[in-house]
Amino acid sequence: MPEAVIREPAPAMAAPSAWSRLKVNRGWLAFWFMMPAAAFLVLFLAYPLGLGIWLSFTDARIGRPGEFIGLENYEWLVDDSKFLLAVFNTLFYTIVASAVKFAIGLYLAILLNNHLPFRAVIRAIVLIPFIVPTVLSAIAFWWIFDPQFSIVSWSLRQMGFIKANVDFLGDAWNARWSVIFVNVWRGVPFIAITLLAGLQTVQPSLYEAATIDGASRWQMFRFITYPLLTPIIAVVMTFSVLFTFTDFQLIKVLTNGQPAGATELMATLSYNRAILGSKIGEGAAISTAMIPFLLACILISWFGLQRRKWQHGEAND
Amino acid sequence: MTHVNRRSVLKGAAAAGAVGALSQTGLFDFAKAWAQTAPWKPEKGAKLQLLRWKRFVQSEEDAFMVLVAAFTKATGVAVSVLNESLDDVQPKASVAANTGQGPDLFWGLYSLPHLFPTKVIDVTDVADYLGKKYGGWAPSAITYGKSGNRWIAIPMGYNGNVINYRESQIKAAGFQKIPEDTAGFLELMKGLKAKNTPGGMALGRASGDGNAWVHWCLWAFGGNLVDAKDKVIIKSPETEKALAYAQQLYATFIPGTASWNDSFNNKAFLAGELSLTNNGVSIYAAEKADADKNPKMKELAADTNHALWPIGPVGKPTEFHICYPMMAMRYSKFPQAAKAFMAFALEAENYDKWLVGAVGYITHPLNYYDKNPVWTSDPKLTIVREVGRRTLTAGGLGSVGERAASALADFLVLDMFASVCTGRTTVKEAIDVAERQAKRIYR
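In order, the protein sequence lines correspond to chains A and B.
Per the numbering used here, residue 1 is the first one in the first sequence, and the count goes up by one each step.
Per the numbering used here, residue 1001 is the first one in the second sequence, and the count goes up by one each step.
Chain B extracted, bound-state conformation (with noise of 0.2 Å):
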């Protein structure tokens, strides 16, 4: 088993970083050969500019700029990358809409493409021959990508959104794995509260974590915001049972869950603070990164592990993973270079390396993917093979456009778990709060 870690990509991409280098990895020989032989040739002069968010594992990064230099290299394009930190791409991208102006290419999250689908360039043909040469495309990926019959956005990758759990302290609570049920669950976490090794979950406007883990509880109890036809079905009795579940849950939570972004349970995880906790695989993969030179962090990489979401009442997966769709944008000069850039970077040749240089960070949108390395070299990272068949999509059953984008940006169900976890309002209160609120948004 290749021990995979950020030095020996790092490694990895010094061999193949330096761009003369390219072809002795084999990527660059490849490089120019699929420059020959796409569909999609590069506008005279053509240059890219691409805005994504700011990676939160330095290996996936590296693993991306040598995909971007190898891509440079065949065409002739240069590719300028900007990093965003991950709330921010969606108003500079909305910003860049409007005006007009901006980066070619957006990379962001969810529905980002959904907000300005007008403004985008069809990527129907990008699509279909990625779809066809890698096994299919994952159902959530076809209901990001598409707006109505064409794809807007070809999505590039999901972050797996898990439990991240301490193997010891989940054994001494008296639990061999995470319980599969919501009520086994609560179980745990009652259990690692008494034994003073509470976990918790940010229940603060972490856009990330916080939506994902109180969309699984409101999916879970088979509440939802809308129903297939957008019409919202927030008040019901099933929303309230998910509300009184994530009470409980609340309750058994390290204090000062309320205040947590998305990066407070990496730093209370890695300082030892955290049993449980939900969160992609960069918590582990930071412990792995460092755990040559700290020998603290070697044995936190050997004790945490990482585990699906429980099933509620309602019987089947709702998970709920971030999607990282990539769009172009109407105004770049240059559409075939972006539309070869996408095609480029999903090729087998360069994404097979980048799934790796994500140790699991990221997991692939096309099923072909499956057999990547990663997700046997390591078992911890196994399960993340799951997410992009196991997610549901933002806006739960209704539409993915707009109108989800907003009730996220809005932090409508977030807020609505949040009010009634910290007591601010009753559950009643709360759900007549964000049925208002997602009325006017789905009107």
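So that you can see chain A by itself, here it is in the shape it has in the complex (with noise of 0.2 Å):
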């Protein structure tokens, strides 16, 4: 008997079953971890971006599944006059917007950084305008720029300057100039904020050091302020161009896209063509025309300021 306890393994150390193997199996524990976050992204962003980009090569309405057309839609589109300027909006309104609030935001930030009295209330104001939801100053800002009873206006009426009231959304150029400051005072607290994080993670050391070697303000900002925020300024602004380049409740609220579609965007015009007037495929096909321009702006930021050398532990070049 002692061969055949020798020859046939003992019960216990049997292979273990595929089965057996895999409920230890890190990865495979790991993959089931990580399923109701893949679902997520699939279900919620996955599959309606797919859909959307399906549906701008159908007819599709509301109420009615489309047909496959190819690119009639863009073909369409590439000729309209009122989709050129949309797409024109758009790039001002977030190239603008986004320069603005970038310098805006750091000059606060580097402000805030020093040691003000009352910083921390300080630092909360700041924040304001970003927490007051997007309608509601939207629609404070309708009056300050309403073309009877603003407060604009009728402020520099009585101090004399003008005569007659501002036309600030009845213009083309005023009411881009108008949208656009809106978004600016909207977005500057984010860049502000999140730039004022980024400072703070700078050692006092390296300033220390500087000045001893007799820097400048300006060189000290230059060789040990903006490099060292240079990631976090490429975050903050990949997302702000994002957010402004689909900005819609603003424009929505605001201008609705007039004077005859001198503030339209795209998402707007998306918007309009897709639910008020029911071309589902022609909505979708413009909404599918910004992802070339967003993916440029993420793959811009991506290149050209996150592969910093020394963000891998080496030296610049």
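It is worth saying that the hints were derived from the structure and are not from the lab.
Note that the Cβ used here is the ideal one computed from N, Cα and C, for glycine as well.
Residues on chain A that point at chain B, a partial pick, calculated with CB under 8 Å:
id, residue
1, S81
2, Q148
3, D167
4, L169
Chain B is faced by these chain A residues, among others (derived, beta-carbon under 10 Å):
id, residue
5, W76
6, F149
7, A262
8, Y271
9, L276
10, S278
11, I280
DEER-style ranges, computed between Cβ atoms:
id, chain 1, residue 1, chain 2, residue 2, range
12, B, E1187, A, I95, 45 to 51 Å
13, A, V121, B, A1271, 36 to 42 Å
14, B, D1227, A, P36, 56 to 62 Å
15, B, P1379, A, L127, 54 to 60 Å
16, B, Q1101, A, P36, 25 to 31 Å
17, A, P227, B, G1100, 53 to 59 Å
Could you use the hints to bring the two separately framed chains together as a complex?
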């Protein structure tokens, strides 16, 4: 019998079945832990995105599934002056608003990083525009820009600077600058507070060393603050540009694209055509047309700003 | 003459509003009797959800809710009423139609039911019943209500969009009344501007007031987006004339109208800054509602009057009033209850009171209601009685369906006028843009 014992492995030592091996496999476990997140992403991001792109190749209307029509929607849009105007408006709005928001945000962050009296209170106040719901602030600005009852026009008139009310939203360029102003007002706190968080990670000893070396304030900003802040600038500006590019609420409430499309953004045009005009296919094509712009913006920030060698522990070239 | 305002209606509503007291007004007795004899028997345990446009005149909504309460009391069908602003009803209804769930009844504007004619319940029996009983439907109500041979919605009323003006300022400009032709109207507007009391009409994306006046203008000069066969004919000398006229008119407007939506002219008129605009009679209703506690409003109400639109070179009325059709969705589990509700609402015992509550803001689609007291109790409201018979329909000469709705939703005509008036494009360029867009919609 001893031989038999030797030849036949003990039951406990039997090769574990695939299932029991799987049960203790950490990768398998991790897969299941990731499933909820993956399902969430697929269900709420990938699927709608895919569906949107598919719809843009159809002539779907609300209440009726469309047929595949290839690039017809895009061919139409390329020659559509209202769409082209919306693309111009969106780019103009995004570039100008983002640049101004960055400049003011950085300035505010540096200011708030100093030892000011009531620093905590001031920081809280700076956040207010960001906390107020967009629609509410848009309605407030709607009154501020009102052609008849604007407080700004009224004040300027009382002070004798102007004779007639400023036509904030009725003139094409006034309207563009007005909505940009509101977007900047709303977007600055986000940038300021995020950059402030970044500033506070910069070690004071670097500034002390620079001071001893006789560096000016500008040199300290240029050679210490700015390089160390770059990663966070990249992240925050990517977010800011994406949010601005896809802005909807503000325009919808404030101007709804008027006068005659001068403030129409791609997002509002897409909504108007798809939901109000029930041309889902065309609306989807307008939304899909936003993707290349957004991708370009992400890639610029990724390759241009994120891949600095020092971030990986190497010296800068 | 009974003086109808928000207060008196509220008093009436307070008496009737408490459902228990309904029988005092006789409404409940009628409702009960109606429920027993009506051809539409609500399903057992039926509940209805109704999404309507948000009221502009409080007393209208109050009167409507009295009617809803009476229906519930008589039939046992609970009706919950949701409100959405005018522009938001259509997207909600579209999504509901698309997904097959949502409110049972939608009450929107213009050609809403024609966006998804296959998704709504056939209400031909309700329309025939009401038409027979109440002296027939206004022609535009038939156009809006019917798709092919069947009725897909019940037009519940119109919102007459008329000229609102200040009598004293018109007189100061040298006019006794609103001129009846377009040339005279332009002279009046010039006169008002010269007196530094300009008028103004919304040229922003105002789906109600903006569309009303630009379509009037386009049609008054013989311009049309499409012909009777839905062929695009916007590129015409008539359209050019209409745009040239609008340009001259715009030059007399108060500054800022290019950014006006539907509420701006109400605000400006109520503040005494505007001598003339186009609107429903809701401005006047608001003035009267506040007249008791605000002497300024009393003065303003006494000075406010209404007029029908001037007639252009085509020689006939070319007005564009809002129609409010109500439709029942096919996915509803309670189609009989929904039909019963629509029929009930338009019965004289209910509808007469509702018209009074709406103080002229709503005009009837059924001829019988010409004799409703609201049209004679206040002579300033009498002209609004006509709007159901005078209005042209969305799409103009063409069909009232999906394509007309698309053109309106795209602000095709409105943007054409706005871009010419604000000087963004020339007349020819604006027409080209509109034509190109129209051809795609009407292909």
